[in-house]
Amino acid sequence: MRNRLKVLRAERNWSQADLADKLDVSRQSVNAIETGKYDPSLPLAFKIAQVFGLAIEQIFSADEAAQAAE
Amino acid sequence: MSVLPASQNKRRALVRTLMFVVGAALVALTLFARFTDTSVHAVVLPVLVAFCVLAVLEFSVFDEFAKQGHYIAWYWGSLIGLVIVAVAQVLLAFDGQPFVALRNALADQLGAADPTEAFMIGMMVTPVLMAAGFFIWRGVSWLRDR
Numbered sequence: 000m001r002n003r004l005k006v007l008r009a010e011r012n013w014s015q016a017d018l019a020d021k022l023d024v025s026r027q028s029v030n031a032i033e034t035g036k037y038d039p040s041l042p043l044a045f046k047i048a049q050v051f052g053l054a055i056e057q058i059f060s061a062d063e064a065a066q067a068a069e
Numbered sequence: 000m001s002v003l004p005a006s007q008n009k010r011r012a013l014v015r016t017l018m019f020v021v022g023a024a025l026v027a028l029t030l031f032a033r034f035t036d037t038s039v040h041a042v043v044l045p046v047l048v049a050f051c052v053l054a055v056l057e058f059s060v061f062d063e064f065a066k067q068g069h070y071i072a073w074y075w076g077s078l079i080g081l082v083i084v085a086v087a088q089v090l091l092a093f094d095g096q097p098f099v100a101l102r103n104a105l106a107d108q109l110g111a112a113d114p115t116e117a118f119m120i121g122m123m124v125t126p127v128l129m130a131a132g133f134f135i136w137r138g139v140s141w142l143r144d145r
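Respectively, the protein sequence lines represent chains V and P. Numbering that gives the first Met the number 0 numbers the first residue of the first sequence as 0 and each following residue consecutively. Numbering that gives the first Met the number 0 numbers the first residue of the second sequence as 0 and each following residue consecutively.
Bear in mind the hints are in silico, worked out from the structure with no lab data behind them. Everything numeric in this text was worked out from a predicted model, so none of it was measured. Beta carbons: idealized from backbone N, C-alpha and C, even for Gly. Among the clues, some could well be false.
List time: in silico PhoX-like cross-link candidates among lysine-lysine, alpha-carbon distance up to 25 Å [as the list claims (entries may be wrong)]:
1) V/K46 x V/K36
2) V/K36 x V/K21
3) V/K46 x P/K9
4) V/K46 x V/K5
5) V/K21 x V/K46
6) V/K5 x V/K21
7) V/K5 x V/K36
8) V/K46 x P/K66
9) P/K9 x P/K66
10) P/K66 x V/K5
11) V/K36 x P/K66
12) V/K21 x P/K66
13) P/K9 x V/K21
Now the stretches of chain V that chain P is said to cover, found in silico as 3 or more residues with beta-carbon under 8 Å [unchecked claim]:
14) 11-23
15) 51-58
Input sequences plus hints: build the corresponding full structure.
Have a look at this one:
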């Protein structure tokens, strides 16, 4: 799963800690999601979308390799 | 109504602070008992219970990434600990010279244990190594994900 979290966060001039506070998760969680080490659950993905005011698919997309395999 | 703050991040910080305080009290009590030769069991027990309650509370305020980290660390870390115990047990059962020497060295260290004592030691070794595996795994992944 790929995501645009880092770009969206930078556009709003938010630090990882700022975003973590808005999502009510730890900064490590934000870092892990941004770096692709962890894929958030559906409820957290919805919350992320809500915080950025975007649709989930505007933030998250399937890996190109995974898409190619389908 | 919960007495904890509404924000999960604030809850986590509060529970961690309390755990640190109670953990420090446990260490202080242990050191105090060791160096003053005083029995502190009556005080240690409620502190230990408080620590266990806080540990349960801490798990309930973890976010999903931390929970997953704990699940993975418990699975792999404790599994490795368990495998080490099993391998050691099999090795110590062999009759070859290095294994007999190792058995004798262990017996020298532990003294002549009666069967009950030996059973208790055996019971302790497994969870201790499993917990050690968990803490090592969790510590490494925590440092990597900082």
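Results of checking the hints against the structure:
Taking the CA atoms of V/K46 and V/K36, the gap is near 19 Å; set against the 25 Å cutoff, the hint holds. Pair hint V/K36 plus V/K21 holds up; C-alpha atoms about 20 Å apart against a cutoff of 25 Å. For the given pair, V/K46 sits about 18 Å from P/K9 by alpha-carbon distance, which is consistent with the 25 Å threshold. Taking the CA atoms of V/K46 and V/K5, the gap is near 16 Å; set against the 25 Å cutoff, the hint holds.
For a cut-off of 25 Å, the pair hint linking V/K21 to V/K46 stands: about 9 Å separates their Cα positions. With a C-alpha separation of about 15 Å, the suggested pair V/K5 and V/K21 falls inside the 25 Å cut-off, and the hint holds. Annotation: proposed proximity of V/K5 to V/K36 holds, straight-line Cα distance about 14 Å (limit 25 Å). With a C-alpha separation of about 18 Å, the suggested pairing of V/K46 with P/K66 holds against the 25 Å cut-off.
A C-alpha spacing of about 17 Å is found between P/K9 and P/K66, which places the hinted pair at or below 25 Å, so the restraint holds. Of the pairs offered as hints, the one joining P/K66 and V/K5 holds, with about 23 Å between alpha carbons and a cut-off of 25 Å not exceeded. The hinted pair formed by V/K36 and P/K66 meets the criterion: a straight-line CA distance of about 14 Å does not exceed 25 Å. This hinted pair checks out: V/K21 and P/K66 have alpha carbons roughly 19 Å apart, not beyond 25 Å.
With a C-alpha separation of about 12 Å, the suggested pairing of P/K9 with V/K21 holds against the 25 Å cut-off. With 3 residues bearing a CB less than 8 Å from a CB of chain P, the segment 11-23 of chain V meets the requirement of three and the coverage assertion stands. Judged by the Cβ-Cβ criterion of 8 Å, the segment 51-58 of chain V is not covered by chain P as claimed, because only 0 of its residues qualify and three are needed.
Figure legend: structure checked against the earlier numbered hints; the only hint not met is number 15.
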